[in-house]
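Given the structure of chain W, go ahead and fit chain V onto it with the hints provided.
Read top to bottom, the protein sequences are chains W and V.
With full-length UniProt numbering as the guide, the letters of the first sequence map in order to residues 1 to 311.
With full-length UniProt numbering as the guide, the letters of the second sequence map in order to residues 1 to 311.
By construction, these hints were calculated from the structure, which means they are not laboratory data.
Bear in mind that the values here come from a model prediction, so they are computed numbers and not experimental data.
Treat each hint with caution, since some may be false.
Said to hold, decoys possible - For the chain V half of the interface with chain W, some residues (derived, Cβ under 7 Å), not all of them:
hint : residue
1    : Pro39
2    : Gly42
3    : Arg43
4    : Leu259
5    : Met261
6    : Ile271
7    : Ser292
8    : Pro298
9    : Ile306
10   : Ile310
Ideal Cβ placement from N, Cα and C applies to all residues, glycine included.
There are 2 protein chains.
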Amino acid sequence: MNNLLERAAAGDIRAIGRLISLVEAESSSSKDIMKTIYPKSGRAHVIGITGSPGAGKSTFVNRLIAQFLAEGKRVGVIAIDPSSPFTGGAILGDRLRMQDHALEEEVFIRSMGSRGNLGGVSRSTHEGALILDACGYDVVIVETVGVGQSEVDIVKIADTVCLILTPGMGDDVQIMKAGIMEIADIFVVNKADREGADKVAADVQVMLKMLGEREWVPPVVLVSSQKNTGVDQAKEVINKHSAYLAESAEGRRRRWSQLEMEVEAILRGEISSIVEKEWKERRNDGLMEDLSARKCDPYTLSGEIIQKIIK
Amino acid sequence: MNNLLERAAAGDIRAIGRLISLVEAESSSSKDIMKTIYPKSGRAHVIGITGSPGAGKSTFVNRLIAQFLAEGKRVGVIAIDPSSPFTGGAILGDRLRMQDHALEEEVFIRSMGSRGNLGGVSRSTHEGALILDACGYDVVIVETVGVGQSEVDIVKIADTVCLILTPGMGDDVQIMKAGIMEIADIFVVNKADREGADKVAADVQVMLKMLGEREWVPPVVLVSSQKNTGVDQAKEVINKHSAYLAESAEGRRRRWSQLEMEVEAILRGEISSIVEKEWKERRNDGLMEDLSARKCDPYTLSGEIIQKIIK
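Isolated chain W, as found in the complex (with noise of 0.2 Å):
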């Protein structure tokens, strides 16, 4: 274990793809994995990509990258697979876009579930990138599924959230977008070169109004990932966020709040998995029947698993 750590810290490729799969698994090591992890991590800029699908997300990170490569920086990437939350099959196993510069040494892309979260974003992403960070990368793109939850969890683990809007998107996607427009540090209009391109940038400056003054506004950029134009000003407002988040108390604010819910999230993990072992002991077929016929509810049961635990 202090072998695969030494080397992924040296920036061996397959030791950190291992150590993500070690968290990925959630397997016995995952938390002192994670425990010699985290003094090392905090380094790196996390940029949220997000999107709905067909926005051209993939298309747009692999642009990002090679700017980012240009720059001397080492880029990691985790990319949200969406996964059924029934089958636990992947729907879209398609990464093959991303791939150009998946052999090149300072480029580390790996693909991680959304553990039926319906694309949200899991705990296991956010140690994915602490992992990525830890190990040296100097920017680590998370680029979600795009849809529901996952849009809006990428604020908890992302420094900058880049939406990734296209023309020609129904009127119905952007009221769902709502939730999301709030969270966006920078928005990125791709597929530029396509008529109304500048209608959805006019309607996000619209609704960006709407929103009230803030003391970071943020841009909208437009990109054509496909023809790679205004991927290098993308990359620029991201870096000018990056420094506004160092320099401001918003900065400060934001990592607080991240913080206190990755304790909050790692809280809960833990004492769910103790009550649930507790539940599990519990539960037989009599009791089942029980609380199927009323005999019994849930509540007053599971006020009596709490009293057994609980100190």
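Coordinates of chain V only, in the frame set by chain W:
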């Protein structure tokens, strides 16, 4: 409180509404309410209605209410309102279409917030449904937001899940819905007077074949809520599914699995508030600085907190 419970049990609509409000506000009395309510619950047929925004869920529900009323049944409806997870404000609040029956004695319609779950089915939604059940509504309809988690969550509380589809939805929407296809007991192709309805029905049949053989083969019903055609058939297959659940091993398996999820959800809620209280007491600016500077880590910290709480 006892007075309120008695009045609710006697069918007093205001008392029922008040009970749901107390539970929704997570008031101190809500656990006692639920303990009293629970033994009387378990009789209603809980129908979950899901499908994308714009699929016509509310109009369909409105028609369905009339069908059940014609059978002499009392109908309770809980509609989950989409609320922005950050502002808490409602995005779409238009429940007007469902108000046709709102004044009739045999129908109770209630909107409940989605509580920052981005449309998820919250604990209080479930509790609201249990209250209606215990207050003698024969049918309880829960209409989801139709975005993300809510669509899958509905299986945790509904006996019968109806997925509303419409012609003219993009292919990507259908792909996103792959996880939901697997939990639907009945497929309703709404707006069946429009072109492409047969194609949607045929696509569903193909997907169902891909999912493999099951004891209950989900029927596909063509409906026009606008023209009020096919809704009687939808009601019939819903009743048929209810009868199937009452008789089959699958029905019992499902009820047990829902009860298990219910116990777990209550346990998680209770234990979380205990843990969070301890964490809030521990949390101070110095500790946040230390976490931020990586002088300590959330894993060790969380271990300490848990050790203080657990026997």
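Status of each hint after checking the structure:
With a least beta-carbon distance of about 5 Å to chain W, the hint placing Pro39 of chain V at the interface is held under the 7 Å criterion. Interface restraint check for Gly42 of chain V: the shortest CB-CB distance to chain W comes to about 5 Å, inside 7 Å, so the restraint holds. Taking 7 Å as the C-beta contact cut-off toward chain W, the hint placing Arg43 of chain V at the interface is violated, the least distance being around 9 Å. Satisfaction of the interface hint for Leu259 of chain V is found here, the shortest Cβ-Cβ separation to chain W being roughly 5 Å, below the 7 Å cut-off.
Restraint check, Met261 of chain V versus chain W: the minimum CB separation of about 10 Å is more than 7 Å; hint violated. With 7 Å as the threshold, the beta carbon of Ile271 of chain V comes within range of chain W, its nearest partner Cβ sitting at about 5 Å, so the hint holds. A least Cβ separation of about 6 Å between Ser292 of chain V and chain W falls short of the 7 Å threshold, and the interface hint therefore holds. Residue-level restraint check for Pro298 of chain V holds (minimum Cβ-Cβ distance to chain W is 5 Å; threshold 7 Å).
Checking Ile306 of chain V against chain W by beta carbon gives a least distance of about 5 Å; that is within 7 Å, so the hint holds. Restraint check, Ile310 of chain V versus chain W: the minimum CB separation of about 6 Å is within 7 Å; hint holds.
Figure legend: structure checked against the earlier numbered hints; hints not met, in rising order: 3, 5.
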